[in-house]
Every structure is written in structure tokens, then in C-alpha cells.
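J.: Top line first, the protein sequences correspond to chains H and S. Just so you know, the first sequence maps onto residues 1 to 585 in full-length UniProt numbering. Just so you know, the second sequence maps onto residues 1 to 134 in full-length UniProt numbering.
Since the hints were derived computationally from the structure, they do not count as laboratory data. Where a beta carbon is used, it is the ideal one built from N, C-alpha and C, also for glycine. Among the hints, erroneous ones may be present.
[Stated by the list, open to error] Quick list of in silico lysine to aspartate or glutamate cross-link-like pairs, EDC-like style, CA-CA up to 16 Å:
no., chain 1, residue 1, chain 2, residue 2
1, H, Lys236, H, Asp66
2, H, Lys518, H, Asp468
3, H, Lys379, H, Glu345
4, H, Lys390, S, Glu117
5, H, Lys60, H, Glu238
6, S, Lys63, H, Glu345
7, S, Lys63, S, Glu82
8, H, Lys317, H, Asp512
9, H, Lys390, S, Glu114
[As the list claims (entries may be wrong)] Across the chosen pairs, the derived CB separations fall in these ranges:
no., chain 1, residue 1, chain 2, residue 2, range
10, H, Phe375, S, Ala31, 20 to 28 Å
11, S, Asp66, H, Arg509, 53 to 61 Å
12, H, Gly539, S, Ala31, 54 to 62 Å
13, H, Gln384, S, Ala31, 20 to 28 Å
14, S, Arg123, H, Gly539, 43 to 51 Å
15, H, Arg509, S, Glu114, 51 to 59 Å
16, S, Thr95, H, Leu311, 40 to 48 Å
17, H, Phe375, S, Asp66, 38 to 46 Å
18, S, Asp66, H, Thr9, 56 to 64 Å
19, H, Thr334, S, Glu65, 46 to 54 Å
20, S, Asp107, H, Thr334, 29 to 37 Å
[As the list claims (entries may be wrong)] Facing chain H, a subset of chain S residues (Cβ under 10 Å, in silico):
no., residue
21, Arg12
22, Glu19
23, Gly21
24, Leu88
25, Cys113
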Amino acid sequence: MKQSVTERTAFYQILTRKITVLILMVSFFPMILTTGILFYRFNGAYKEKINAHISELVQKHTQNIDSFLSEKLGNIRYLARLFDNNQQTPRIFLQQQMTLLRNQYGDVFTDLGLVDSNGIQFAYEGPFKLENADYSNAKWFIAAKEKAFYISDVFAGLRGHPHFIVTVKVSFNGSNSLLRSTINFGAFNSLVENIQIGRTGIAFIINTKGELQTKMDVRLKDSAIMSILDPDGHKKNETIFSEKQDASGKRYLCVTSMLNNIDWIMVFRQDIGDAFRELRKTQILALVLFLLGCGAIISVAFTLPRNIVKLIASADKKSEVMNRQVIESGKLATIGELAAGIAHEINNPVAIMVEEAGWIEDLLEEEELKNTKNFEEFKRALVQINTQGKRCKEITHKLLSFARKTDSTINDVQINDAVREIVSLTAQMARYNNVIIETELHEGIPFIRISPSELQQVILNLINNAIDAMHKGGGTIKIETKISKLEKNHVVIAVEDNGPGIPKDNLERIFDPFFTTKPVGKGTGLGLSICYGIVQKMGGKIDVYSEVGMGTRFRIWIPFQEPLSEKPLNEINVAEPVSATLADK
Amino acid sequence: MNSKNKETNIIRVLLVDDEQGYLNVLSNRMARRSIQATKAFSGTEAIQILRKNDFDVVVLDLKMEDMDGIEVLKVIKRMVPELPVIILTGHGSQTAAEEGISFGAFDYLSKPCELSELLEKIREAYQHQPNSDS
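Model the full assembly from the supplied sequences, consistent with the hints where possible.
T.: Following this line, the structure appears as C-alpha cells:
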């Protein structure tokens with residue numbers, strides 16, 4: 001029994017585990033796969049979109065700056081052509097043109113100047129006093145003097161202000177000179193500053209040596225600028241994307257694009273975290289949802305199988321109880337058939353014995369035998385044989401009567417007769433165990449439509465339990481039947497013993513299937529559970545009251561049909577003896 | 001065929017049972033009580049005897065090896081419908097006895113029974129014969 005309980009527990013544990021694993025697999029596999037694919041695809045698509053956006057922005061600005069430079073160069077070249085045909089003094093020419101440029105472009109052009117081949121600015125129009133300034137050693141002059149036109153890098157110059165210079169070669173008085181104009185750095189710089197994305201997205205321009213051509217941003221470091229330069233060199237009209245890491249380990253996105261007119265590189269730089277901030281937010285949200293989903297799946301995977309297995313276990317238990325009931329009643333039916341067979345086999349020889357004794361008795365009536373010495377002894381012996389023959393008959397008839405009742409056919413049953421029959425069947429066993437069975441069977445109890453064998457099974461079980469409980473110590477079992485005063489139209493059968501009683505903890509579980517306090521192999525723990533089922537089936541109820549050291553009382557209520565008018569209830573009540581010992585509360 | 005033996009007032013009984021020991025002692029005891037008992041140790045033997053002889057009462061066991069008592073009863077009731085049959089069985093099954101009554105048996109007794117009880121039943125059956133007063 002214990003072993004089978006352990007086996008069953010192990011089986012249910014395995015079943016629980018299997019269902020849990022199945023739920024986890026079936027839920028997690030598609031979820032992880034779907035989430036993974038979506039995550040990967042979404043990341044890719046989002047990054048592509050961000051990159052395309054930045055790339056477009058950078059290209060647009062590169063074109064803007066290119067066209068700005070082309071326009072300014074074009075302006076100066078146009079001036080150079082006008083100057084070639086100029087009839088006025090250079091000074092007046094510059095004054096006139098400067099006024100026109102200011103009117104046209106505001107303060108984009110800071111000044112205009114003419115520099116001779118020795119680097120001396122012989123004519124100047126602008127806010128500074130730079131006439132006769134010597135540029136012979138200036139880098140831009142050295143680079144520009146041989147070229148038809150030239151745009152310099154940004155430099156601090158003589159005044160210490162960042163600016164850059166556009167020069168175009170002109171001819172004055174038969175020698176080569178340069179028409180130069182200083183471009184307002186601020187105006188140029190604002191073009192680049194317009195590119196501001198997020199919190200860290202900034203744009204700037206560097207030359208091929210890595211020197212900054214726009215304003216120094218506080219967020220920029222020289223080392224960071226140098227690392228932007230592609231060691232393989234940059235090509236015109238090409239936008240390059242790269243992810244880099246600065247000295248502090250911070251990763252950033254870097255987009256470079258080279259200008260057409262000059263070897264300057266437009267650079268856009270943004271921290272990766274900043275660039276993909278929205279993506280990161282979405283990723284965190286997705287991760288939180290994924291984890292919540294996992295949590296939900298895990299909690300379901302661990303609670304649901306337990307509940308399912310609990311239901312299965314309870315269904316198994318119920319079906320087992322039913323199986324046992326079938327087996328128990330089957331057993332009783334088999335015992336009944338066996339008893340009937342034995343009774344028949346015994347009745348015949350007993351009948352012969354009794355008749356042969358009767359024959360001897362007949363013969364003893366003859367005169368010559370009447371006077372024999374032992375005549376009286378013969379007579380006594382024959383009477384004894386006859387008496388014992390009758391006893392045998394009684395026993396076999398009880399067995400046969402039991403056999404007839406081992407089915408669940410419903411009959412009109414007189415409770416008192418049923419109790420008497422059971423008491424006579426158990427009398428022998430009670431005697432062996434020093435137990436006295438007393439009965440207090442009140443008259444006037446109507447017939448009840450139930451299965452007599454089932455009723456006997458219930459009472460037999462209660463008596464057997466009481467005898468078992470009293471062990472060899474002996475005691476008294478009292479069986480009482482009467483009409484219930486509490487429940488209308490119910491008969492009460494009380495089986496009370498003065499045994500050791502049942503502890504409170506056990507009392508609550510006493511009708512539970514498989515609950516037994518008997519040693520292993522002695523009890524199935526089903527007796528009372530089956531009794532409970534039978535009484536329920538009869539439409540009645542069973543209860544138990546017990547006190548440790550005092551004894552135990554089981555009471556069974558069984559309903560009966562309303563008695564006919566000729567047998568009123570009060571008559572039945574009158575028939576009840578006053579000395580009822582078992583209170584029916 | 002079943003003319004009553006009124007002159008001698010001896011009741012003619014046919015005892016049918018496959019327990020030979022039982023029939024022997026029973027017929028001996030009956031003989032001492034002015035009852036003429038004939039023994040048949042099987043159903044077929046009983047029917048053969050009945051074909052040749054007249055009886056006032058039949059005492060029939062239900063469980064016999066060759067032929068079931070109920071079958072014998074049916075044959076008897078076909079042959080001599082008015083002949084009373086008392087069922088005497090060790091089977092003790094009330095339903096079987098009730099079945100016997102439904103097929104026309106006079107009454108039933110279960111083994112072992114007092115001889116006086118059996119004789120009483122036989123006399124009762126003898127008195128109740130339809131032509132007992134004729």
C-alpha cells in the first residue's frame with residue numbers, strides 16, 4: 001500500500017515535470033525565435049534608417065558648403081575679370097566692388113585686396129589698415145601665387161582672427177598680382193553649425209591634415225579629430241560611415257564627406273548611444289516585455305501542471321475507490337455463492353444424520369430394546385444429535401440468507417431484522433475478542449427501501465472496526481435503532497463502543513479513502529469510505545463522535561417514505577422505550 | 001390412474017432424491033408410520049415409476065445429478081396434473097422453492113427437517129387432492 005502510494009506520488013511528480021517542460025518548450029521556443037528575429041530585423045532597419053538620414057543630411061550640407069565656396073570663388077573671379085578691364089585706380093575699384101558685395105551679400109566678404117608678386121598688398125578695401133601689408137611669407141601667398149585661383153585653409157592670420165582667403169590671379173601693370181578677399185569665418189561657420197542632431201550630434205570641417213576648419217566645439221578633442229582621418233585618404237563625392245572609439249572608450253558614429261572645391265572634409269559625429277537613443281528605448285521596452293512574458297510563462301508552467309495533476313490525482317482516487325467498491329461487493333457476492341454451495345453440501349449429510357438418528361429412535365420404541373441398560377443414555381444421545389442437526393441447519397440457513405443479500409437489489413428492509421442478522425453473524429467473532437454486543441432495537445420502525453446487503457455491509461464494517469479497535473481487551477458494542485426526532489422521516493442506527501476512541505486529528509480524516517491506522521496489510525483504509533458512499537447513495541448521512549479513552553459512536557440516518565395513515569408517528573414514538581441510552585441529538 | 005387407496009388408508013408416497021442414504025432411512029421410518037414409500041434415486045427413475053404406479057403424494061428433491069427437480073416437476077404435472085408434489089431440498093434457496101410453487105408444487109420444505117413436519121405436509125397434501133372427497 002505504502003509502496004504504491006510512493007509510486008503514485010513519483011508518477012504524479014514526473015507527470016507534473018513533463019507538463020511543465022512541455023509548456024516551457026512550446027511557449028519559449030516560438031517566443032524566443034519570434035522576438036529574436038523581430039529584434040534583429042528591427043535593429044537593422046532602424047540603424048539603416050538613422051544612417052540614411054544622417055548621410056542625406058551630411059551630403060546636403062556638403063553640397064551647400066560647396067556651392068557657398070563656389071559662389072564666393074565665382075564672385076571674386078568675376079571681380080578679377082572686371083579688374084582686368086578696369087580703367088580706374090585699384091583703390092577706387094576695390095571700394096566700388098566692396099560696396100556692391102556688401103549690398104549683395106552683407107558681411108560675408110570682410111575685405112578685398114590686391115597683392116603684387118612680392119607679397120605686398122598694394123591696394124586694400126576693408127575694416128582693417130592692411131595697405132602695404134607684407135604677405136610674402138604667408139602660407140596662403142606661397143600656395144596661391146602660382147595658381148589661377150585658390151581657397152586657403154582657415155588660419156589666424158596677422159590679426160589673430162580665424163578666417164580664410166580666396167585669391168584669383170590678375171594682371172596689373174604687366175605683372176601678375178593676386179586679387180584676394182577674406183571670407184567672414186562666422187558666416188561660413190553657421191552653415192556647418194546648422195547640423196545639430198540629438199544632444200551630441202555635431203558637424204565640423206577639417207582639412208586633409210586634420211586641422212579644424214570650423215569653430216572648435218567644446219565637445220571635440222584634437223585626438224578625436226585625428227582619428228577621424230582615413231589613413232587611405234578620402235575621395236571626392238564619397239560619404240563614409242564608421243563607428244569609432246575615443247580615448248575614453250566612448251563609441252561614436254562618424255560620417256565623413258569630402259568637399260569638391262577644396263580638400264576639406266565634412267565630418268558629422270554623434271555618440272552611438274545618442275544616435276540610437278530611440279532604438280535603445282525600444283530595445284529596453286521589448287526586453288521588459290520579453291522578461292514579463294517569460295515570467296508569466298514560468299509562473300503558468302509551474303502552477304498549471306500542479307493543478308492539472310491535482311485534478312488527475314483526485315479523479316484517479318475516485319475511480320480507485322469505485323474500483324475497490326466493485327471489488328469489495330464482488331468479493332461479498334463470491335463469498336455468498338460459496339456459502340450457498342457449502343450450505344447445500346452440508347444440508348444433505350446433516351439431513352441423513354438426523355433421519356438416521358430418528359430411525360434409531362424409532363427402533364428403540366420396540367419392546368426388547370426398551371429394557372436395555374443404557375436406554376436412557378441412547379435417548380439422550382439421539383436428542384443431542386437432533387439438537388445439533390438443527391443447529392447446523394440454522395447456521396447453513398444464515399449463510400444462505402447472507403448469500404441472498406450480497407447484491408445491491410433494493411428491497412423493503414426491516415432494519416431491526418437486518419441488525420439482528422448481522423449481530424448473530426458477528427456474535428462468534430465478538431466472543432473470541434471478549435466483546436459483548438448489546439442491542440436496543442425500538443419497535444415501530446417502518447420498512448425502508450434500500451439494498452439489504454449494502455446496509456449489512458455498513459453495519460458489519462462498523463462492528464468489525466469496533467472489535468478491532470478494542471483489540472483483545474474486550475468491551476461492549478451497543479447497537480440502537482430508532483426513528484430520528486431531529487431528521488423528519490429518518491431512521492437512526494447508532495453503533496457505539498467503549499473502546500480507546502479516535503484522536504481528533506484522525507477523526508477529521510476517518511472517511512477519507514485510504515486513511516487507515518491499522519498496520520500495513522491489515523486494512524485498506526476503504527471500509528469507512530465505502531460505508532460513507534453507500535449511506536450517501538441511500539440518501540442518508542453518517543457521522544462520528546469520539547472521545548479518547550471513552551469510546552466512539554457512529555450514527556447513520558436513513559430516510560424512509562412517509563408511513564401510511566394507519567401507523568401514525570406518535571404511535572411509533574410511544575413505542576420507544578424511555579430508557580434510550582444513545583441520545584439522538 | 002391416480003385412484004386413491006382409500007380402503008387401506010395407506011398413503012402412497014414417491015420419494016425422489018439422489019441421496020440414497022437419505023431415501024433408505026426415510027422410507028424405513030415412513031413404513032413404520034403406515035406410509036407406503038417408494039424410492040426413486042433419480043428424476044428419470046421417478047418418471048418411469050410414475051408411468052406404472054399410482055401415488056398420492058410425491059416428495060421431490062430439487063438438485064439432482066441427471067435431471068433438475070424443476071424439470072421433473074414439469075413432467076409430473078404434465079403426466080398427472082392433480083398429483084401433489086412437495087419439494088424437499090437441501091439447497092435452501094427460497095427463490096428455487098418459489099419457482100417450484102409457481103410450476104404447481106404443493107409446498108416446500110428445506111433439509112434437514114423433522115419427520116413429523118414432513119408427514120404433516122404429506123397428510124395435508126393428501127387431504128387437498130381434488131378427488132380426495134370423491
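J.: Identify every previously stated hint that the structure contradicts and give their numbers, smallest first.
T.: Going through the list in order, the structure violates hints 3, 7, 19 and 21 and respects the others.
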